[in-house]
Structure formats: structure tokens, C-alpha cells
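Student: Sequence:
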Amino acid sequence: MVAGLSTGCQKNDAEVKKKVVYNGPLLEATNVTMLVSDSAKLQIKLTAPVSQQFESGDQVYPKGMKVTFYSKDGGIVNTLQGKYGRYDKAKDLYLVRSDVRVSNEEKKQKMNSEELYYDKQKAIIYTEKFVRVETPTEILTGTGLTANQNFSRYKILKPAGVFTVETPVEE
1 MVAGLSTGCQ
11 KNDAEVKKKV
21 VYNGPLLEAT
31 NVTMLVSDSA
41 KLQIKLTAPV
51 SQQFESGDQV
61 YPKGMKVTFY
71 SKDGGIVNTL
81 QGKYGRYDKA
91 KDLYLVRSDV
101 RVSNEEKKQK
111 MNSEELYYDK
121 QKAIIYTEKF
131 VRVETPTEIL
141 TGTGLTANQN
151 FSRYKILKPA
161 GVFTVETPVE
171 E
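When you line the sequence shown up against the numbering used here, it's residues 1 to 171, in that order.
None of these hints come from the bench; they were simulated from the model.
Some hints here could point you the wrong way.
Unchecked claim - In the DSS-like style, the derived pairs of lysine-lysine whose C-alpha atoms are separated by at most 25 Å in a straight line are:
| # | residue 1 | residue 2 |
| --- | --- | --- |
| 1 | Lys155 | Lys66 |
| 2 | Lys63 | Lys110 |
| 3 | Lys155 | Lys122 |
| 4 | Lys129 | Lys107 |
Computed from a prediction, not measured in an experiment: that's the story for all the values here.
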């Protein structure tokens, strides 16, 4: 009977010694501003109310994020914002979700979607979700979009809706 009790205690001790793996953030910061520059010229500014950094180097912006792109002369070219963001360090890729808005200041263009990716290495933004693009003269809708990071050139992959096509006037 004593032998039975001692093995029972050893089993419990082994269960207690199991490692607990923590998968949560290692670091959390509030009111974050990250600046990216090249040759001492500001190129990108990321702001977020909360940033959480994980062991892998990934970051989560659970209360949203805003990315501002600057021209070579320092003017704002484009902004990208959403209510949730995530940075995948291994892929050098940002994911922005929930009420995503892109705005090109120079061309007065706006884009809305529910999800958008920003690839830093390729300097492109893209999505496979529904998009709505507003220009000074028209509203375009469709599914899927690829664009340069400045949103000065874009392509809607599956356009939908009514489009105005100007025909040349013959004299």
C-alpha cells in the first residue's frame, strides 16, 4: 500500500513540473511612433495607440495603426490606416484590418476595404477583399486590388458597377 502511494505522489510531481509556455506579448507600448528614413530623409511614419511585440519579432496593433508615406521633399503622399494591424517580421509584411482607409493626398484618391496587406520590400499594397475607390470624378468598386505604396497607380482585379467611359469627339 505504501508503494502505491509513493508512485501516486511521483506522478503528481511530474505533472507539476511541466513547463508552461507563454505565447503572449513580451513587450507592450502605448502611443507608439516609429519612423523609417533613408539618407536622413523621412519616408514612413507609423503611429499606434498600442503596440505589442512578440518573441518572434512580430508585432500587433490591437487598437489600430496609421502609416504615413512621405515624398522625397518631405510632403505627405499617402496614408494607410485601420482599426487593427499586425506585422509579420519573417515576411516583412503588414496586415491591416477593419475599416481600412487609404488616401492619396496628391491625387485626392481614397480607398476603403476591410483588409489590406502592405509589403515593405516590394513597396506595394494589395487585397483580395471588396474595395471602393473614390477619385475626384468617379467611384469605382470591385474585388481585389494591387497598388504601389503611394496609391498613385492601382488596379482593381475584378471591377464591378457602372463606369463612365469618355468617347473621343470627332470633328
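Student: Could you check the structure against the hints above and give me the numbers of any it violates, in ascending order?
Tutor: Hints that this structure does not satisfy do not exist here, as all of them hold.
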